Amino acid sequence: MGKTDSRKEKRRVKTILFSARADSFYVNMNPLAKFFLLLALSIGVVISILRPVPYLQYNILVLVFAVGFLFESGTVKYLVKSYLGLLIVALVVMMLWWVVFNQIGTNPIFSVSFLGATLRVTYLSLYIGVGKITGYASMALLTLLTIMSTRDADIISALKKLKVPFKAIFFSSLVARSLNIMSEDLDSIKQAQFARGAGAASDNFFKKVESFVMLSIPLTTSMIKRSVDMGFALESRGFSKSKSFSDFIDEKPFRYYDAVIVAFGVFMLAIPFLA
Amino acid sequence: MGETAVDSKFSQYTLRWRGNKLTTTQYALFAIQMAVIILLSWLGAIATPVVGPGIGFLYWAYPFFVVFTLWWGIWGIFGAWLGAFVGSGLLTGLPVIPAMAFSIGDLVPALLIFLLYRGYLRKHGVDPLGRDILKSKKSAAWFVVWVMGITNIIGGLWGVYVLVLLGFVPANAYLLGAGLWITGDAVVLLIAPFLSKYVTPVVERFGLVNSGWVS
Chain P
51 MGKTDSRKEK
61 RRVKTILFSA
71 RADSFYVNMN
81 PLAKFFLLLA
91 LSIGVVISIL
101 RPVPYLQYNI
111 LVLVFAVGFL
121 FESGTVKYLV
131 KSYLGLLIVA
141 LVVMMLWWVV
151 FNQIGTNPIF
161 SVSFLGATLR
171 VTYLSLYIGV
181 GKITGYASMA
191 LLTLLTIMST
201 RDADIISALK
211 KLKVPFKAIF
221 FSSLVARSLN
231 IMSEDLDSIK
241 QAQFARGAGA
251 ASDNFFKKVE
261 SFVMLSIPLT
271 TSMIKRSVDM
281 GFALESRGFS
291 KSKSFSDFID
301 EKPFRYYDAV
311 IVAFGVFMLA
321 IPFLA
Chain A
13 MGETAVDSKF
23 SQYTLRWRGN
33 KLTTTQYALF
43 AIQMAVIILL
53 SWLGAIATPV
63 VGPGIGFLYW
73 AYPFFVVFTL
83 WWGIWGIFGA
93 WLGAFVGSGL
103 LTGLPVIPAM
113 AFSIGDLVPA
123 LLIFLLYRGY
133 LRKHGVDPLG
143 RDILKSKKSA
153 AWFVVWVMGI
163 TNIIGGLWGV
173 YVLVLLGFVP
183 ANAYLLGAGL
193 WITGDAVVLL
203 IAPFLSKYVT
213 PVVERFGLVN
223 SGWVS
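Going down the list, the sequences are from chains P and A. Residue 173 in the working numbering sits at position 123 of the first sequence, with consecutive numbering throughout. Residue 33 in the working numbering sits at position 21 of the second sequence, with consecutive numbering throughout.
For the record, the hints were derived by calculation from the structure and aren't laboratory data. Source: prediction; values computed, not measured. By construction, the Cβ of each residue, glycine as well, lies at the ideal position given by its N, Cα and C atoms. A few of these clues could be false.
[As the list claims (entries may be wrong)] Derived DEER-like restraints, expressed as beta-carbon distance ranges:
(1) P:I154 x A:P213: 56 to 62 Å
(2) A:V214 x P:Y306: 54 to 60 Å
(3) P:R61 x A:R217: 46 to 52 Å
(4) P:V103 x A:S148: 25 to 31 Å
(5) A:L177 x P:K131: 30 to 36 Å
(6) A:R217 x P:V142: 47 to 53 Å
Bound-form chain P, shown alone (with noise of 0.2 Å):
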């Protein structure tokens, strides 16, 4: 392969959370349509978890095809490193919880009896449990894998295609870019804390929240400044009289694959009522 092939393989474009690749599928769905997936799915998995017993089938179905596109979005290295980790704890609480607090079925795996109570796991409980978690898995990463392969600019398209005015899609557009802005102001704020010897990493609860309150007036203030400095960059370029976008925005055309991702969601949310 070449040194070209190789650099365009590896553009990538900033999205929401993170970034992914430019040439990826989902990344270049058209937003309507992506948004319309992951209501459809998430419709059909909550149904799906509700039953009195959960479609398993259905929901590893939904998460084999969020995993799946997470790697052809070059999401899934973000996923691992920021959020396998919490998901797990997460799944292993909901499991615990579901076997402790839902302890129904006839066939015992096995059964302990501490302090009066008695624990008792049956088959039953355990397919309810996976049941729930693999659910939430497949919502969890479908929403996440929908956040990290779409622009700021494609929210902006979807609602200008969705006649909102201007102003609001305006607002909407600063409230996003703005997310980066403070968030690396709110590292600053930590850097400088530590560089003064405030705020070191503990595993200690009380440190934790100690450090917590110290950032919080700083991070307030420089919050402040920002919106009069971004006050007055508006103003400057007459913002109060505008009436319209008057950069190009970047729109992605609704196509053919696009109709065939919305028959899908269709079929997808389609059978959990009927099955």
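Got chain P sorted already, so can you dock chain A onto it with the hints?
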């Protein structure tokens, strides 16, 4: 101090719909404060001990949206909702519909706090911006009863009810889940009086505190 004198002291902060004209700086500020709440809600969900399905113990955004609501009315209330919907909802992997239902649990407390502070308490000697919580017993008592107590309990009961409805939390673990949620939020709310006391004068000096709901 008589009621009329107290009323005039805080008379600029009321429940009228519009106060002064909304400036471009305020427009930018309201967007940035929502970004901050989303960021803190996200941190509250991913960098905090998970004590139950969908229940993180320390929701860092809570004291911020309480203070922002006292300052910026409907924008603070909307920020509370958006923070829960996007920050501790979508950005942590919670799907759209559960996140939407879940976020009502932050919107309602923020709304109730604003109504009480700008309505009843303003007329009864309590600072509507919460600057006196650390020095007045009456203000401290209202903060504990209304903010850390009643509205927090409503939010916690609703949040865990949604988790039960969605099949994330077993129905017979409802009270345990709600108890953990409410306790965690009450702990982080202790930051709010400090924020109010030390940062409100700065915000006031810039002329950025809303006198009504919208501006």
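Which constraints among the numbered hints does this structure fail? Numbers only, ascending.
4
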